[in-house]
Amino acid sequence: MIIGKYDPLKGERFQVLDETGAVVNEELEPQLTEEKLVGFYRQMLISRTADTKAFAMQREGRMGTYPPLKGHEAVQVGSAMAMEAEDWLFPHYRDLGALLIRGVPIHFVYLYWIGNEAGSRFPDGARVFPFTVPVGSQIPIGVGHALGAKLRKEKQAALISFGDGATSEGDFHDGMNFAGVFNAPAVFLCQNNKWAISVPRERQTAAKTIAQKAVAYGFPGMQVDGNDVLAVFSAVKEALDKARAGGGPTLIEADTYRMSDHTTADDASRYRPEEEVKAWEKKDPIVRFRNYLRAKGIWKEELEKNLQEEADKIVEEAVHQAENFPLPELEDIFRYTYKEMPPHLEEELAELKAAVEKRKAD
Amino acid sequence: MIIGKYDPLKGERFQVLDETGAVVNEELEPQLTEEKLVGFYRQMLISRTADTKAFAMQREGRMGTYPPLKGHEAVQVGSAMAMEAEDWLFPHYRDLGALLIRGVPIHFVYLYWIGNEAGSRFPDGARVFPFTVPVGSQIPIGVGHALGAKLRKEKQAALISFGDGATSEGDFHDGMNFAGVFNAPAVFLCQNNKWAISVPRERQTAAKTIAQKAVAYGFPGMQVDGNDVLAVFSAVKEALDKARAGGGPTLIEADTYRMSDHTTADDASRYRPEEEVKAWEKKDPIVRFRNYLRAKGIWKEELEKNLQEEADKIVEEAVHQAENFPLPELEDIFRYTYKEMPPHLEEELAELKAAVEKRKAD
Amino acid sequence: MPALNIVEAVRLALREEMRRDDSVLVMGEDVGKNGGVFRTTEGLFDEFGEERVFDTPLSENGIMGTAVGLAVNGFRPVAEIQFMGFIYYTLNHLICHAARLRNRTRGNLSVPLVLRAPYGAGIRAPEHHSESTEALFAQIPGIKVVVPSSPADAKGLLKSAVRDPDPVVFLEPKKIYRAVKEEVPDIEYLIPLGKAKVVKEGKDLTIICWGAMVKVAEEVALKAQEEKVDVEIIDLRTLYPMDREAVINSVEKTGRALVVHEAPKAGGLGAEIAATINEKALLRLKAPVLRVTGQDITVPMPKTEDYYIPDAERVLRSIRKIMSF
Amino acid sequence: MPALNIVEAVRLALREEMRRDDSVLVMGEDVGKNGGVFRTTEGLFDEFGEERVFDTPLSENGIMGTAVGLAVNGFRPVAEIQFMGFIYYTLNHLICHAARLRNRTRGNLSVPLVLRAPYGAGIRAPEHHSESTEALFAQIPGIKVVVPSSPADAKGLLKSAVRDPDPVVFLEPKKIYRAVKEEVPDIEYLIPLGKAKVVKEGKDLTIICWGAMVKVAEEVALKAQEEKVDVEIIDLRTLYPMDREAVINSVEKTGRALVVHEAPKAGGLGAEIAATINEKALLRLKAPVLRVTGQDITVPMPKTEDYYIPDAERVLRSIRKIMSF
Ligand SMILES: Cc1ncc(C[n+]2csc(CCOP(=O)(O)OP(=O)(O)O)c2C)c(N)n1
Ligand SMILES: Cc1ncc(C[n+]2csc(CCOP(=O)(O)OP(=O)(O)O)c2C)c(N)n1
Ligand SMILES: [Mg+2]
Ligand SMILES: [Mg+2]
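These protein sequence lines are chains A, B, C and D, in that order.
Under numbering that gives the first Met the number 0, the first residue of the first sequence carries the number 0, and numbering increases by one thereafter.
Under numbering that gives the first Met the number 0, the first residue of the second sequence carries the number 0, and numbering increases by one thereafter.
Under numbering that gives the first Met the number 0, the first residue of the third sequence carries the number 0, and numbering increases by one thereafter.
Under numbering that gives the first Met the number 0, the first residue of the fourth sequence carries the number 0, and numbering increases by one thereafter.
Chain A with its partners taken away, still in its complex shape (with noise of 0.2 Å):
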């Protein structure tokens, strides 16, 4: 049991990995095989390949705004791992690490920061809700399915994940105070990166931890070590399983860091004290989970080789897909903003298509 154990109104956290990889808490170490570690670790590999490619892409002018993740690769890695085939994913727009092992492949992410709402499009079957820029508002939608799938009693739980400042909207407070009311199968996931854009997370809430929230809805609420892989992923499973079995929401603080830029729009360095970054950088979740498994056997210089060239090559290929893939066209505008179409959009399409043609003519 760790929900419940880890009082964040005595300023407790949960710990699997210290910030060099030891292991400080045998007890709740969990037991996972070899393929399954190497598993989190090629996922975090992926996400930052992804992730610095599409920075790139940016600057090149490929790709219009991009909100990297670099940080957040143990937090998107370890919840998305956690959750069961039948589980949904309301996402965090920063989420690509936990898309892609949801089922939506790299070039979706890329598409839509690209501009193409096929990005949206994803495969069917994928249970994963489109990213939802307004700040927080998948929270309620998220609780509002969780609750469709008690009301239908499915067994299958809603993983709402989101920023520290998302916590400030009213969104937050009806997602969290309908789920509680409702004891709908829902887990909230805070990546509590420390800023929302400039505005530090203090300036946020006076809550000294933003799990203590969760006292406010009458359920409970936990920090975790966000740049711990494997406290991320036994948190969240836990929760998530107890939400499936009827035991109500929980809210579980990331505590994380965003080491890049809020978007490759912005420039942190106005705003951020370089001190504190280098910092965190030295509590990297890729460098600590890669000495976890150096120190258990796992990791070798061959086996970073062969993830780091597939991750490249998945990636290349994400890259390849998204850049080739259909641009829209001008009837696609129209057509999905009813079923069907109504008489007024039938007749702007028309008058748009001449003009359109019309220019192209000219």
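Check before you lean on any hint, since a few could be wrong.
Here are the simulated lysine-lysine pairs, DSS-like style, with alpha carbons at most 27 Å apart [unchecked claim]: (1) B:K357 / D:K279; (2) D:K222 / D:K320; (3) A:K357 / D:K214; (4) A:K207 / B:K69; (5) D:K279 / A:K277; (6) D:K32 / C:K320; (7) B:K154 / B:K69.
Think of the hints as simulated: they come from the structure by calculation, not from any bench.
We have chain A; now place chains B, C and D with the ligands onto it with these hints.
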């Protein structure tokens, strides 16, 4: 020190008098003059008298929808009496009892529910915000106002009053959160009367208490017996003093009960168990305080008679004032939309006047 | 065939749809045991139980957000907002998600929900209980806005709204909630969304209106007859997307048009109607399209609210203006 | 007299007003140290300190609600909403309180605040960052809605907005935030709210527009000249309450009118303009008032957003339609 002493998470609640009016907390019994104590009682009597009258007027077709305060006398009187002249009140729409104490004569409240805007044009100098009908929307407004006082370095606090239902709105979340972050001199007073129209407190939130919601915002919250005027007075006074001194916000949950219907348009017997109502009748805040005064040798039949006669007179006068108040003129509905009337309103006003005059002429 | 008022017709529509389709849910403040503050959901809690008819915490944003989630998950929530004055909290989810999810996901996810709210003045209600802000909604691509004007319409339109694959804002004219009883077929029938209704034919002037204003138009039509003006009345029924064809057809015939609505004039839906007529039928117009509307002010409180709402006198004055143009 | 773009002109206006009047505050997300995501508030934090320029928690409803409280308490808050796509959360406080407190209290309390937000498409921004939903606002009695179209206007209009005794929604066309530099007088000047500007005189056809569309209109006017059409351009500047007189005067002269806006057509402000012209100047009209607008759909993402916004070609087509009517 009352704040901090009663932990809502431990089920603790501040009380001076028990249900019979006996002192159960000698240490914290406020030492008040007889005059002040009689003043409390007098205000509670006036409040109930004014309330009963309003209800009757509605039934006679002399008033529109009216939300009775019966049962809330102690919390409204105790809290308003705890304010200093310079403080501001952001009332709950049920707060007739508090308004009166803050310098808004009863006929304003009557005018408001009769349906005349003049009811919110309070006397100059009354530091009372008008009723806000959208539930809870006074909360962030009160916080903004309090923040302004702080910015101006005025020694002034805001008392923001609302119901249990209001705590579910985003406005509660925002007001509480902003107050915490800006350390605003605001006191949040939740008049938890167990119902939001037909929705019981348990359906409003899964939290055991409203008071514990303060944990989410990093400042103290406490429960107080809302039918104990001395407890309410002492707790609110301490919270206001603290706020004025720069000690930041406090949430006070007053445990009370709506002894009547939600409004005159409601029929509480449709959804509320009779036993519950019966049980709360035994906790009547006025009876309880009368017992206290009697035990202290202050209350006598004679006093009751005099005070009730005075209350009747005040209320009769208020009815007279309200019912003889000039009706708004046609111009008035246009005049206050902007500081200066824009041309399109001039035009509409002229047209409407012509139409109305024509109608009168016919 | 029972004689029902609008409240009863709404209730009947909900009951029929809930019986027909398990995925239909009713949610909101006081919709459960209390049956809604106007009693529109009375009896549903008893018949369908608390899993299908449930009270929510007091948050319109929460209601809207969770309703979107339920709809995405295959339910058809019918969410009630107690009064239109409290509907503004729903706008973010309505605009950003309900209206856009189909487009955002290229048709993969959809949000078949109904957002019901009583609207309009005239019942001597407190502040914020009397507004008609339908024009805020009748400009949001991806949603539909529907207003019934009679019990029979309320049933048929609401049933269509519940079945519609896209989000529908269903606004109920509370001034006439109980004003008239009429025969409402207790058999299954649907009234299509997106189609206006010619309530009364006429050849001189078209009044375009909806909700409680249809009754005012009918009253006016009788008086106008005395002045030898033969009024045609169009009840829009669906405000958005609007049935432009019906409006244009009528105005092409009559050559004169008047819009009557309770909302303020500036930026109201009357503007869209006048602009459409101007665009499509200018040469047929014998006079300007006039608008008789609420004033461009906050709806006054009960003592003066009658000044605000269009009445027969004001409508007649405009008819005379048009006829003598 | 420095050459400034709109971003710089907004900043200058804020700085001047903050220097002049201690009660002016700047608040919002990232407006402090970061100087705003578009840098409109850059330097203000350093000059005026954290008591007058402050970052808030991430809640637009909270920003709006506390701004109302500050305004009631004698401050003049200028609250920034980062993008118009996040402004819907402010609507409840804007409609229910900011717009109504003066009327509710018969003039006793007032809410002199400015709500600033960048709006419009054309900068390849993500979802929800490109919308033009000004018509939602230009129908709320008690507020004013202002849109500048040039740096000099941005300064003069924003300064007037800050001084206005009533709430002003100030929408900044972000497509042209940095598109042009022009001389902006660094002396004190105000441009009155409620008055439109004739940007270019002409005798054949009036284009009514605002914000980034003024530039499109100017481009079109040149091209139209080649086709012997002399276009008059009116920049509304204040969308609500609208300067009807300026519009009518112009159309009485030209006899033809075209509205160009980025918002969807249905229920857009073009409707109000067309309806007003129809009402007040029908007999002068030589052709229908047409509207060239955004489509009645969700603003597309960057790859297709150009289909959405009116461009010179689409405007010209409508001019030809009008001229050959
Ligand atoms: C409702 C809303 N307001 C403002 C924004 C602009 N914005 C985008 S991201 C962001 C900060 C979010 O911070 P946080 O929730 O901590 O997530 P992070 O980006 O740090 O992962 C802001 C203010 C938005 N997208 N939505
Ligand atoms: C935003 C909003 N939603 C709904 C309503 C309708 N309504 C009026 S009072 C009320 C219940 C309020 O309950 P509570 O906050 O507990 O205060 P009480 O009336 O019990 O004193 C509701 C739902 C409203 N006025 N405002
Ligand atoms: Mg963050
Ligand atoms: Mg209550």
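Now for the hints, and whether the structure bears them out:
1. B:K357 / D:K279: This hinted pair holds, its Cα atoms lying about 23 Å apart.
2. D:K222 / D:K320: Within the cut-off at roughly 15 Å; holds.
3. A:K357 / D:K214: 22 Å, holds
4. A:K207 / B:K69: 39 Å, violated
5. D:K279 / A:K277: 67 Å, violated
6. D:K32 / C:K320: The hint is violated at about 60 Å.
7. B:K154 / B:K69: Violated. K154 (chain B) to K69 (chain B) sits at ~33 Å, over the 27 Å cutoff.
Of the numbered hints stated above, those contradicted by the structure are hints 4, 5, 6 and 7, listed in ascending order.
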